[in-house]
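Bring the two chains, given one by one in their own frames, into a single complex with the hints.
One letter stands for each residue in the lines below.
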Amino acid sequence: MLSNILSDLSLYRRLIGMQLRTQAQYKFNLLIDVGTYLFVTTMEFFGVLFYFGSFKSILGWTIGEVALLTATASFGFGLAEMIGAGIDSFDVTIRRGEFDRLLLRPVSAFIQVIGSDFRLRRLGRLTQGCIAFAIGFVLLPGFHWTPAKLLILLLGIASAAAIFVSILLMSATLCFWTVETTELFNSLTYGGREMMSYPLTIYHQLLQRFFLFVVPLAFGAYIPVCYLLDRPLPFDMPAVVAFASPLVALAFTLVAGAVWRFGVYHYQGTGS
Amino acid sequence: MLRFYIEVARTAFRRQLIYRWANLAGLITNAFWGAIISYLIIALYHARPVAAGYSVQDTLRYTWLAQAMIMIVLTFGWYDLMLTIRSGEVISDLSKPCDFYWYWFSREFGRDLYYLLFRGLPTYVSGMLLFSAGIPGRLDVWLLYAVSFLLGAMLGIAYRFLYNVIAFWVVEARAVGGMAGAIALFFSGGYLAVVFFPPWLRAIADWLPFNGLLNVPAEIFLGKLSGGDLWLNLARQLVWLIVLTLVARLVAAAATRRVVVQGG
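First to last, the protein sequences are chains A and B.
Counting along the first sequence from 1, when you hit position 103 you're at 103 in the working numbering, and nothing is skipped either side.
Counting along the second sequence from 1, when you hit position 159 you're at 159 in the working numbering, and nothing is skipped either side.
Hints in this document: simulated from the structure, not taken from any laboratory.
Among the hints, a few may not be true.
[To be verified] If you anchor each label on the Cβ, the simulated ranges turn out as follows:
id, chain 1, residue 1, chain 2, residue 2, range
1, B, 223, A, 264, 50 to 58 Å
2, A, 2, B, 169, 52 to 60 Å
3, A, 154, B, 198, 29 to 37 Å
4, A, 214, B, 4, 48 to 56 Å
5, A, 35, B, 4, 41 to 49 Å
6, B, 171, A, 105, 29 to 37 Å
7, A, 215, B, 136, 48 to 56 Å
8, B, 235, A, 24, 48 to 56 Å
9, B, 254, A, 96, 48 to 56 Å
10, A, 264, B, 83, 28 to 36 Å
[Claimed, not checked] Some chain A residues flagged as far from chain B (calculated, every beta-carbon gap over 12 Å):
id, residue
11, 9
12, 105
13, 130
14, 178
15, 268
Glycine residues also receive a C-beta, built at the ideal position from the N, C-alpha and C atoms.
For reference, chain B alone in the conformation it holds in the complex (with noise of 0.2 Å):
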C-alpha cells in the first residue's frame, strides 16, 4: 500500500513540473513581495537596531523564509479538492481501493516537494542575494528546522484538506476557503513576523494551529527557540498535526457516508 501512496506523490511532482512557466512566474511574485517587505522593513529598523529581540537581520531572513515556504505549508487559493467535489469526479477518488485522506495527502505532499525544490530554494536563495538574507550556520538548527518543517507541511495539508471538503456541505465554499486562507496567513506570520504582535494577541497566536505552519520553523531557523520553550513549540505542533488530522478524516468519512453523486 505504501508503494502505491509513493506512486501518487511521484505523479503529483510530475505533474507540476509541466507548469515551468507559471512557476517562474510565481517565482517572481515571491521575490518582488519579499524585496517590497524588505525595503519596508529596512526603513523601519533605520531608527533603531533590534526591535522586539529580532535585529533587521533577523526579520530580513523571516521574511524570505516566509516567502519561500508559503506555496508549501499554505498554499493560496487552493481548491482541487473542492472542484473535484463541485463537478462530482470525487466519486472517482473515493471509489479508488485507498484511504481517501492518505491519497490527498500524497498527492500535496508530492506537490509540496516539487514547490521545496523549484519555488521555495530559489526564492530563498534570490533573498540571499538581493538583500543578504543569510543562512544558519549551525548544523543542529538545521535539522530541527527540518523536523518542525516538516510537521508545518503536514500540518498544512491538513488544514487544506479540511477547508476543502466542507464542500461536501456548503455550495459556495470558496469565500470559506478565502477566509481560512486568510486567517492562517495572518496567524502563521505570513504578513509579518508573529513577534511583532501586541502581547495579547501573541498569547492567542502561539497556541494556535497556524503558529506551526510557518512561524515556529522559522523561529528555529533564527536560532531564537532553545531549551523547554523549543520542545514546548514542537509539542505543540505535533499535537495539532494529530488533532487537525483526526478531524480531517473523520469529517471525510462523514461526507463520504452521505455523498450522492447525480448520474448522467
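Pulled out of the complex, with its shape left as it was, chain A reads as follows (with noise of 0.2 Å):
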C-alpha cells in the first residue's frame, strides 16, 4: 500500500518534472502567456476593489478584508488550475483514444492524467492572488498574526486546492459518458472561485448551505478568513469548526475519488 503511495509519488514526479521542462524551453512564451493571465486576473480583481469607491462595505466587510477573502479564493484556485490541468483537458484524452492506452500500462490512471499537463502559465494567478494578499494587508493594519491563524490560512488554501480540483475530476469522470466536457462544471470552478471571492453571507441561505455542506467550498476561503479576522462562522458554528478544513476536503475528496473510480470501472472505450 505504502510503497504504492511511493511509486506513484515518484511517478508523479518525473511526469512533472518533464513538463516543467518543456515548458520551459519556450521561455518567451511562457512569460507572455504568465503576464496576460496575471493582467487578465488583476483585472478581475479591481473590478471588485472599484465598488469600494461608491461603498464603503459590503454587509460589514471592509474593502481590505474582501482583499483578503478574494485573495485566498485566488490562490486556491490558482494552484487547482494549475495541478488540475490535465484533468480539465480530459475530453480531448478520451476523444482521441489516448485514455484507453494509458489503461494498458500497470501504473495508475489517476497518476498518468493528473500529470499529463502542468501549466507553469497558471502562475499568473498565484500572482495576483500575491497582490490581493498584500493590498489586503496593508489595508488592514491593524491585523495580528497568530500562528493559529497561518496554519489556518495555509489549511483553507490546501482544502480549496483539493476540493477545485475534486470538481475538475468529477466534471471529467463525466466525459466517460458524455464524451465531451460539460460547460455546466465551470459554474462550480470559475463560478465557484468567484462566488467565494466575497463573503458567503451575501447569498441566498440554499446558495450558502449548498456551498458549506455539499461542494464545500466555503471551507476553503471564507471559514479561514473568519477565522483569521475573529469573525463569527456561519449558521453559527463555533470557531473550531475552522480546524476542520483539511477533513472535510479530504471526505470531498474521496467522493470524487470513489467517483472516478467507478467511471473507470465502466469505461468501454470511445470506439472508432
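Written out as C-alpha cells, the structure reads:
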C-alpha cells in the first residue's frame, strides 16, 4: 500500500518534471502567457476594488477584508488550475482514444492523467493572489498574526485547491459518458471561485448551505478568512470548525475519487 | 453582391443552430454569473439606496444587460479567423470572389443574430424572472437602444477581426487575443458598470472604442443619457466604428498582399 503510494508519487514527480522542462524551453511564450494571465486576473480583482469607491463596505466587510477573501479563493483556485490541468483537458484524452492506452500501462490511470499537464502559466493567477494578499494586509493595519491563524490560512488554501481539483475530477468522470466536458461544471469551478471571493452571507440561504455542506468550497476561503479576522462563522458554528477544513476537503476528495473509480471501471472505450 | 453576403450570414446563423446543448450550457453560465453579481450588488446597496447616480435596480439591469449582450459584442475566446490563418484554410476564403472583411463581417453578423435570439434574450429574461431586472417603458429609449446596440455589435465585429488578423504576423496570437478580450471586457463595463470607475479612469474609458461596445447601449437602456450627452456618445460610437472598420480593412489588405501558403 505504502510502497504503491510512494512509487505513484515518484512517477508523478517525473511526469511533472518533464512538463516543466518542456514549458521552460519556450521562455518567451511562457513569460507572455504568465503576464497575460496576471493582467486578466488583476483586472478582475480591480473590478471588485472599484465598487468600494462608491460603497464603503459590503454587509460589514471592508475592502481589505474582501481582498483577503479574494486572495484566498484565487490562491486555492490557481493551485488547482496548475495541478489539475491534465484533468481539465481530459475530454480530449477521451475523444482521441488515448485513455485506452493509459489503461494498458501497469500504473495508476489517475497519476497519468493528472501528470499529463501542469500549466506553469497559471503562475499568473497565483501572482495576482499575492498582490491581493499584499493589498488586503496593507488595508488592514490592525491585523495580528498568530501561529494558529497562519496554519488555518495555509490549510484553507490547500483545502480549496483539493476541492477544486475534485470538482474537475468529477467533471472529467462525466466525459466517460458524454465524451465532452459540459460547460456546466465551469459554474462550479470558475463560478465557485468568483462566489468565494465575496462574503458568503450575501448569497441566498440555500446557496450558503450548498457551498458549506454539498460542495464545501466555503471551507477553503470564507471559513478560514472568518477565523483570521475573528469573525463569527455562519450558522452559529463554533470557531474550531475552521480547523476541520482539511477533513471536509478530504471527505469531498474521497467522494470524487470514488466517482472517478466508478467511471473508470465502467468505461468501455470511445470506439472508432 | 449583397445577396451573397446575406446568404453568408444566413448560413452562419443556421450553422450555429446545431449547437443546441452548448448554447443551453452557455445560457446557464451567463445566468449564473449574472446571479452572483446580482447578489453582490444587492448586498452592496444594503447600506445606501443610490450610488454614483445608479439605484440598485439600475445596476441590476445593467448587469443583466451586460450578461445578455456579451456574447454578441464581445465574443470571448473567438479565434475562428485566427485558426483559419494558422491552418492555411484562410486561402480558400481569400480566393472567394468577395471582399475578405465583408465576408467575415457577414458571417459574424449572422452569428450575432443567433446569439441575440437564443442567448441574449433568454439571459435577460432570466434576469427579469430571478432578480426583477425589468425593462424600460419608453418607446424612444428602445429605438435609441436598438441603434446603439447595432453600432456596438458592428464595432465588436471589427474589433475581433482586428485582433484575429494579427495572426498573419504573430504565430502565438492567442495570448494577444486573450489580452485584447480582457482589456475590452474591462473598459466596456463587462466586469462592473463604467459609472463605478474612479473619475480619472472614467474620463479615459469614455473616449476608448470599448465604451461603445456595451456601456453606451446600456446607459441608453437605463435612460441615463439625454440631450447633447446622448448625441456625443452615439457620435463617438459611430466614429470608432468607422475608424476600426477602416483599420481592419487596411490591415487585412496589408496581410493578404504578403500571404504565402505552404502547398501540400
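Cross-check of the supplied hints:
no., hint, result
1, 223/B / 264/A: 50 to 58 Å, "holds, 57 Å"
2, 2/A / 169/B: 52 to 60 Å, "holds, 55 Å"
3, 154/A / 198/B: 29 to 37 Å, "holds, 34 Å"
4, 214/A / 4/B: 48 to 56 Å, "holds, 53 Å"
5, 35/A / 4/B: 41 to 49 Å, "holds, 42 Å"
6, 171/B / 105/A: 29 to 37 Å, "holds, 34 Å"
7, 215/A / 136/B: 48 to 56 Å, "violated, 38 Å"
8, 235/B / 24/A: 48 to 56 Å, "holds, 50 Å"
9, 254/B / 96/A: 48 to 56 Å, "violated, 38 Å"
10, 264/A / 83/B: 28 to 36 Å, "holds, 33 Å"
11, 9, "holds, 33 Å"
12, 105, "holds, 32 Å"
13, 130, "holds, 19 Å"
14, 178, "violated, 10 Å"
15, 268, "holds, 22 Å"
Consistency with the previously given hints fails for numbers 7, 9, 14, ordered from lowest to highest.
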